[in-house]
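Number of protein chains: 2
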Amino acid sequence: MMKILSTKISLKTKLLAFLTFLTFCSPTLAQNQATWIWYPGDFEVWLSNKMQNRRTERGSFFPPFWKLDSHYNLVDFHKDFDLLIAEEVLLAVEGQFNVKIDGKAITGFPKKITVPAGKHKVSLKVFCQDRVPAIFVQGKKVVSDASWLVTFEDKEWIDETGKASDQSGTNWLKAGFWNFNSALTPPSKFKLETKIQQAVKTERKAQSLLLDFGKETFGFIKLQGLKGKGKLKIYYGESKEEALATETCETLDEIEVNEAKKKDITMELSKAFRFVNVQFEAGVSLDEVSMLYEFLPVADRGGFRCSDEQINKIYDVSNYTFHLNTREFFIDGIKRDRWIWSGDAYQSYLMNYYLLFDSPSVTRTLLALRGKDPVTSHINTIMDYTFYWFIGINDYYQYTGDKTFIQQFYPRMQSLMDYCLSRRNNNGMMEGLTGDWVFIDWAEGLSKKGEVSFEQLLLARSLETMATCANIVNDTKNEVKYKQLATELKAKLFTNYWNNEKHALVHSRVDGKQTENVTRYANMFAIFFNYLDEAQKQDVKKHVLLNDKIQKITTPYMRFYELEALCALGEQNYVLKEMKDYWGGMLNLGATSFWEEYNPNKKGDEHYAMYGRPFGKSLCHAWGASPIYLLGKYFLGVKPTSAAYKTYLVEPQLGGLEWIEGKVPTPDGDVKVYCSSKQIKVTGAAGVGTLRFKSKIKPNSKDGEIKALTNDLYELTLEKGNTYEVFYEL
Amino acid sequence: MMKILSTKISLKTKLLAFLTFLTFCSPTLAQNQATWIWYPGDFEVWLSNKMQNRRTERGSFFPPFWKLDSHYNLVDFHKDFDLLIAEEVLLAVEGQFNVKIDGKAITGFPKKITVPAGKHKVSLKVFCQDRVPAIFVQGKKVVSDASWLVTFEDKEWIDETGKASDQSGTNWLKAGFWNFNSALTPPSKFKLETKIQQAVKTERKAQSLLLDFGKETFGFIKLQGLKGKGKLKIYYGESKEEALATETCETLDEIEVNEAKKKDITMELSKAFRFVNVQFEAGVSLDEVSMLYEFLPVADRGGFRCSDEQINKIYDVSNYTFHLNTREFFIDGIKRDRWIWSGDAYQSYLMNYYLLFDSPSVTRTLLALRGKDPVTSHINTIMDYTFYWFIGINDYYQYTGDKTFIQQFYPRMQSLMDYCLSRRNNNGMMEGLTGDWVFIDWAEGLSKKGEVSFEQLLLARSLETMATCANIVNDTKNEVKYKQLATELKAKLFTNYWNNEKHALVHSRVDGKQTENVTRYANMFAIFFNYLDEAQKQDVKKHVLLNDKIQKITTPYMRFYELEALCALGEQNYVLKEMKDYWGGMLNLGATSFWEEYNPNKKGDEHYAMYGRPFGKSLCHAWGASPIYLLGKYFLGVKPTSAAYKTYLVEPQLGGLEWIEGKVPTPDGDVKVYCSSKQIKVTGAAGVGTLRFKSKIKPNSKDGEIKALTNDLYELTLEKGNTYEVFYEL
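In order, the protein sequences belong to chains A and B.
Residues 1 to 730, numbered by full-length UniProt numbering, are exactly what the first sequence covers, in order.
Residues 1 to 730, numbered by full-length UniProt numbering, are exactly what the second sequence covers, in order.
Warning: the hint list may mix true and false statements.
For chains that are exact copies, the list does not tell them apart, and a pair is met inside one copy or across any two.
To be verified - Straight-line C-alpha distance at most 30 angstroms; calculated DSBU-like pairs for lysine-lysine:
{"no.": "1", "residue 1": "50", "residue 2": "191"}
{"no.": "2", "residue 1": "112", "residue 2": "229"}
{"no.": "3", "residue 1": "100", "residue 2": "490"}
{"no.": "4", "residue 1": "263", "residue 2": "195"}
{"no.": "5", "residue 1": "542", "residue 2": "633"}
{"no.": "6", "residue 1": "227", "residue 2": "111"}
{"no.": "7", "residue 1": "67", "residue 2": "189"}
{"no.": "8", "residue 1": "140", "residue 2": "492"}
{"no.": "9", "residue 1": "231", "residue 2": "104"}
{"no.": "10", "residue 1": "104", "residue 2": "240"}
Simulated from the structure, these hints should not be mistaken for lab results.
Whole structure, please, built from the sequences with the hints as guidance.
Okay, here's the thing in structure tokens:
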């Protein structure tokens with residue numbers, strides 16, 4: 001057994017290396033498959049500009065209030081080839097370009113070149129202001145892919161005799177790419193997919209139609225058989241109330257109809273709605289209204305089912321909520337803002353690891369958020385959102401093992417961290433300066449003054465992330481620096497904020513003095529960041545998390561972390577009950593997707609209001625979908641213990657359920673888990689997995705050797721593709 | 001007389017303040033004249049991308065090799081108005097936009113709004129990726145102009161109740177503008193003007209036409225009465241030899257003709273040429289070839305005439321050379337590169353002050369060169385070119401007094417200086433690092449190794465510029481810092497490079513040791529930077545400038561400074577002879593514009609070659625036009641002695657000529673000068689002018705009081721608009 005095992009591991013290690021490589025380049029490409037390439041990060045910036053400038057509010061353009069960056073407009077691409085025979089190579093380019101073989105330019109803008117046999121450098125240089133300079137090179141061996149090198153400044157000059165400079169300060173990165181694998185689908189033509197959907201109910205009047213699409217949805221309204229002359233208005237509603245509130249609904253469209261013959265017209269901008277109220281003047285007639293549902297085609301790899309139908313419903317609605325908000329990027333909500341908010345996106349990354357495992361969606365979002373240097377404000381102007389960006393990279397590396405991403409973007413991590421460090425006060429602490437939004441959460445009366453403990457905690461974790469990444473890129477000097485800064489700051493967290501009487505971290509210091517206020521934020525993060533000792537954890541659990549006197553959280557956003565902290569403390573039973581109350585509470589109110597904020601104390605239309613507007617609240621917000629993450633990580637209990645699931649843990653927790661089952665995706669294969677109080681069945685993915693469980697009796701399995709850690713705690717090692725059935729008693 | 005004078009000055013002071021204001025905003029705008037506005041510097045960056053990516057070399061696209069930046073794609077504009085009556089306001093916008101009155105958005109993309117009476121804030125926010133976000137607002141009082149404020153990040157968030165943030169870290173700049181004064185001519189439509197020109201001579205053969213346009217020119221070739229089917233090629237030549245050298249001429253066009261009927265076709269790209277060789281296949285016929293001369297419409301304000309017809313010719317050809325190279329920006333040369341090179345442009349700024357006094361051409365060029373942060377290389381990758389950028393701002397302020405430019409762009413000056421300072425070696429000196437091009441001049445065997453004295457000298461002057469600008473923006477802390485750095489570096493110049501045996505600054509230090517090499521560069525700049533004491537000046541004059549053993553300069557680029565240094569030493573007679581030899585030498589070879597390089601020792605076609613290519617040399621290079629500057633500043637002798645000509649000096653120098661006369665433009669009026677050996681006649685401009693001259697006899701004038709400084713040196717104070725005739729004897 002041992003011998004076989006070791007052989008297997010050795011083979012697996014090799015295979016793992018190869019598959020890990022493919023995963024980094026995900027979506028994986030067949031060898032010699034050409035794909036459109038660009039300067040890494042640039043398509044993401046460009047596409048995010050397009051998306052984030054699509055927001056309207058009651059027909060007015062509503063763009064972001066932070067700096068938007070642009071792609072490099074002049075980019076150099078090259079790769080060295082060694083060909084046995086000459087080959088004909090087709091070129092497609094976005095922009096004005098030249099192509100050179102061994103530095104010699106070919107006249108004009110050729111669509112086809114011949115690369116001779118032997119060793120040759122093929123280079124293209126592309127200028128494009130409105131779109132991202134991008135190339136598609138299709139030969140047999142000469143194909144454009146992630147192995148090409150790119151730069152935005154080649155710094156290659158010649159002297160008066162024509163001799164090229166012999167020293168170059170040029171930084172070459174690996175080309176960026178996604179899934180544009182045909183010459184005919186350049187990056188600038190990117191669109192989400194659509195499919196037609198019909199309303200489930202239509203109320204028709206002489207000059208109006210009220211449609212109900214049955215659930216929250218997103219897409220382009222299509223007016224069929226439109227004819228006549230006059231105005232037509234479309235009022236969108238996530239609720240029926242909103243669609244009918246023509247003066248206060250958040251989004252609307254207005255068109256001038258002037259059609260002698262019947263015509264189908266599709267709206268230019270996609271919108272979020274369940275209800276649509278179409279009103280038109282007397283001269284206008286209309287056969288039908290349908291919609292084109294707009295979506296990112298990405299399949300679920302994870303899944304969850306259990307013995308409780310309400311939890312299954314919560315999982316399904318979370319899944320749907322998450323899909324609706326997983327688009328060009330991970331967005332906050334589909335009605336507004338459809339912007340990329342780093343704190344919101346951070347939660348989507350985590351959910352993604354348990355549902356889609358779609359790394360391009362994570363990196364697209366991280367890159368769009370980061371944009372370009374110089375850094376002139378925090379990400380989204382929010383201090384905490386800058387830190388989530390760093391921590392998101394930490395998680396991304398842990399789940400995917402993608403070192404290339406870190407190698408390529410470490411300089412952008414550094415310059416953003418430099419910005420943060422330059423804004424510390426004299427105590428070395430973060431404090432909101434002019435122009436800094438200290439967000440934390442939507443919570444009434446929450447103080448943002450002085451040195452907020454929560455922000456220092458996130459900075460500490462960000463510094464730890466920087467140390468990890470410095471190590472990956474062999475920047476030893478800065479690895480030491482970041483580690484030291486993190487250690488110092490963590491020490492300050494406790495000297496400055498821990499209050500023995502309150503058994504908790506206090507909320508803030510103002511003018512160098514602890515405030516009396518205790519909030520949940522820093523305390524709950526400190527638990528799953530593992531910054532607390534066992535006694536402190538129990539203190540926090542009792543005096544903060546399970547203490548009703550501490551201000552309650554009303555956003556799914558922060559409930560995410562609150563429940564995660566409780567899960568990390570083994571309180572799955574409590575969490576399950578909370579989940580049923582809170583998410584179940586929204587379902588009971590008829591939610592078909594989860595909301596931006598939910599306060600069970602509110603009544604009727606109060607639920608729709610926010611930001612001082614009667615329908616300001618988003619009823620489909622990504623951060624509402626956290627059960628995907630909680631159920632995957634803390635009930636199925638699957639999580640990596642080293643980067644890319646090279647080692648991982650499976651610790652199923654029923655939390656009071658009779659049985660649970662599901663799948664958790666990894667870079668190479670899914671981990672499948674079934675668990676009841678008597679039986680556990682797990683199928684391993686690549687990497688060394690460890691099933692850990694408690695049992696009252698001595699457990700047994702035919703499929704592997706069970707090790708006893710204590711008298712009721714057991715472990716079993718998992719290998720890829722193998723299924724392990726364990727009989728035990730909870 | 002005294003009383004009248006003082007009254008006049010007081011009035012003049014007020015008038016000056018107003019006129020200076022207008023000059024800053026030059027081209028001046030009538031009150032309530034609407035003009036297109038944008039984020040300052042952005043149109044310049046955008047237009048320079050367009051222009052610099054128009055270069056082709058033998059039909060291949062030939063873009064710059066440094067980073068090109070982009071405009072901010074999302075820009076906020078606003079201004080507060082106080083209206084007696086409501087007014088209707090027309091809007092024209094480049095990009096997707098919203099418009100708000102007092103923060104409340106108006107639905108859609110209105111072309112017309114009504115601003116009510118009273119105090120109101122009008123704001124527009126514009127997104128545009130391909131062009132520069134720009135607005136044109138035309139009401140009665142509500143008009144877009146340079147007084148609007150703009151930003152690329154407004155950082156205005158709201159809390160969950162809809163309350164706007166009460167602290168903003170937003171930097172607002174004054175809007176950028178030029179001369180787009182009609183809604184119908186948005187910035188993106190900018191084009192140079194054109195006018196038709198005919199060849200002066202045409203040699204026609206069955207399948208070719210060889211045209212001579214009589215002199216160097218620039219524009220679009222127009223093929224008239226083109227018919228038939230087949231290929232047509234156009235070979236451009238600055239010389240006849242080049243146009244005929246179809247295999248090696250630098251630029252060409254190739255088109256496929258397929259016209260059943262006669263048609264006129266104009267080439268898409270403008271080119272530089274005197275000769276054009278049109279060759280076509282048998283199936284093609286052609287009536288005629290003409291051209292559209294392409295130019296920036298900007299009038300001469302300065303002028304120069306003298307008793308020597310060759311010098312007049314040199315002045316005229318300099319003038320024409322300068323006009324040809326004054327386009328969207330000050331470019332290097334019209335055949336290639338048509339890029340903006342900071343060292344080349346620096347000379348154009350100086351010439352401009354003596355010919356066009358067109359400040360927008362200076363600021364357009366400075367802004368295009370600087371681009372955006374982050375700084376990733378020296379300007380044009382060249383260390384010295386970064387320094388010329390700073391020094392160019394020093395001069396710009398001296399000649400125009402434009403504080404607004406400095407206030408708006410001081411942060412970009414700082415970040416570029418930070419880049420420079422961060423690249424000093426352990427001795428605090430600049431030394432070429434990987435990726436730095438140390439250019440200095442095109443000169444055979446010129447060493448760029450180690451710490452080159454010339455570069456330290458330019459850095460010292462750049463630091464002095466920073467100190468001046470820090471003072472203007474009231475950045476006292478950094479003013480002190482920059483002054484100190486400049487003082488320290490200037491001291492090092494002499495301790496490290498001055499060699500008493502060589503009576504000069506040596507060229508460089510390598511490994512901390514002086515080299516033996518003496519070149520002209522640092523020495524001649526040290527003269528007109530006034531870094532040398534009188535004895536050192538005389539040493540340098542004798543042992544370097546007038547020493548034939550020191551490597552000669554063969555580019556008009558460095559001859560500019562060499563002759564300037566000699567002029568500054570009062571060697572106008574010598575300079576005049578050199579000018580006649582050198583520029584006259586080019587004229588004798590048939591030059592109709594001045595060249596990139598001229599070596600009198602070369603013969604025939606050798607003159608055309610450079611960069612290892614037979615026609616690589618540009619025969620129309622801006623830096624060839626320096627006589628404009630030398631004759632204006634050192635013969636007419638007019639120069640500001642404080643910013644904006646508030647005080648200025650007129651010191652005419654005949655340099656051996658019988659008489660000279662001319663005009664020098666200032667921010668407010670021209671200084672007119674006539675000088676012979678017996679008579680000087682000067683008309684003053686605004687500001688306090690001082691005519692200074694030597695005379696063997698006691699001079700006399702009816703127009704003002706002549707003060708004797710010494711027994712042969714005299715002064716007379718000049719006032720605006722007054723003409724002063726002085727009789728004296730040289």
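Sort out which numbered hints this structure fails and list those numbers smallest first.
Of the numbered hints given earlier, those the structure breaks are 3, 8, listed in rising order.
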